[in-house]
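Visitor: Those protein sequences? They're chains G and U, same order as listed.
Numbered per our numbering, the first sequence spans residues 1 to 166.
Numbered per our numbering, the second sequence spans residues 1 to 154.
Note that these hints are calculated values from the structure, not bench results.
These figures come from a predicted structure and were not determined experimentally.
Backbone N, C-alpha and C define an ideal beta-carbon position, used for all residues, glycine too.
Please note: incorrect hints may appear among the correct ones.
Unchecked claim - What follows is a set of in silico ranges between Cβ atoms, one per label pair, in the way DEER data are often shown:
hint: 1; chain 1: U; residue 1: N97; chain 2: G; residue 2: A111; range: 50 to 58 Å
hint: 2; chain 1: U; residue 1: K86; chain 2: G; residue 2: N52; range: 52 to 60 Å
hint: 3; chain 1: U; residue 1: R115; chain 2: G; residue 2: T135; range: 48 to 56 Å
hint: 4; chain 1: G; residue 1: N92; chain 2: U; residue 2: M28; range: 53 to 61 Å
hint: 5; chain 1: U; residue 1: N97; chain 2: G; residue 2: T43; range: 50 to 58 Å
hint: 6; chain 1: G; residue 1: D162; chain 2: U; residue 2: R64; range: 46 to 54 Å
hint: 7; chain 1: U; residue 1: D68; chain 2: G; residue 2: G44; range: 52 to 60 Å
hint: 8; chain 1: U; residue 1: N97; chain 2: G; residue 2: G122; range: 40 to 48 Å
hint: 9; chain 1: U; residue 1: T133; chain 2: G; residue 2: A132; range: 27 to 35 Å
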Amino acid sequence: MRIATALSAALAATLSLGAGALQAQTSASINATATVLSALTVTGASDLQFGNVTPGVNKTVAITDAGAGRFDITKAAATGVALSFTLPTDLNSGGNLLPIGSWTGGWNTSATPAGANGFVPGASATNTAVTAGTTISVYVGGTVSPAAAQAAGAYTGTVTMDAVYY
Amino acid sequence: MRLLALVSCCAILGAAPPAAAQISVTGMRDLAFGPVIVGIASTVAPSDPLRSGRFRITAPAGSRLKLDFDVPNRLDGPGGAKLQIKFSNSDAIALGNAPGSVPVVLDPNPKAITRYQMGASTAVDVFLGGAVTPAGNQAPGDYVGTIILTVTIL
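Using the sequences and the hints, build the whole thing.
Guide: Structure representation (structure tokens):
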């Protein structure tokens, strides 16, 4: 009887140890990572200037022309940016409208339109390449189509470019 | 005879495999915020299929688990720079592998009491989101911190 009691106690202890061992524990780790980029800045550097235009005669400014518009971007190295534009359909002079019918664009990592990567500006984003440098110049050209009876005057419109990292 | 039966019973209990071998946890994917911009907060949801962190736990079906997250409040960057990181009380989701398993929202913050019932599942993925808040003068560069998940079978 005494032996049986002792063994019962031993069994109870064993069961208790067994229950404790079930509280198994293990660990693993992962990293949290982020890459902080410097803020993008966009500067309107040059207006798109058609100069004098003749009623009834279309006039085009190419991105390589002196009158081309230019935006300058500063960005983080080794990044690409997506360019999108809000473009006017007309230039305005006191309520008179001068249609601006087509647009051309080009981006370059150097401050020259020569050899720029061409694209068509618009609301849909255009991705530049991922470039090592921290500057991009964007050139904008277009074509205005004055009517034969186009009212004389100085016409203006606003071209807005958005740039975001992609 | 009764004595022999008791001894046999003790022997069987003693031969049981260590319970530690029954569970495992593995870091499967980093919580990756990717490029973030100075002055602009960036959030990764735990449901993000690419950027959320991910652990995989295996344990016997029916296990009750205690999950302890050790999460940083700063990521370490270049030249000793720090990037603030925060976790909301719903930034972790656990999803078992059994058919019909329902995602369970968990609080990954260290003081949270986090339990998970395996049910019919034998593995569970724990997805982790978070938010970083780069300061306006945050130093550009790569930042990293360590997240540890400790799992205990209760």
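Visitor: Hint by hint, say whether it matches the structure.
Guide: Hint-by-hint comparison with the structure:
no., hint, in the structure
1, U:N97 / G:A111: 50 to 58 Å, "holds, 57 Å"
2, U:K86 / G:N52: 52 to 60 Å, "holds, 59 Å"
3, U:R115 / G:T135: 48 to 56 Å, "holds, 54 Å"
4, G:N92 / U:M28: 53 to 61 Å, "holds, 58 Å"
5, U:N97 / G:T43: 50 to 58 Å, "holds, 53 Å"
6, G:D162 / U:R64: 46 to 54 Å, "holds, 52 Å"
7, U:D68 / G:G44: 52 to 60 Å, "holds, 54 Å"
8, U:N97 / G:G122: 40 to 48 Å, "holds, 47 Å"
9, U:T133 / G:A132: 27 to 35 Å, "holds, 28 Å"
Violated hints: none; the structure is consistent with every hint.
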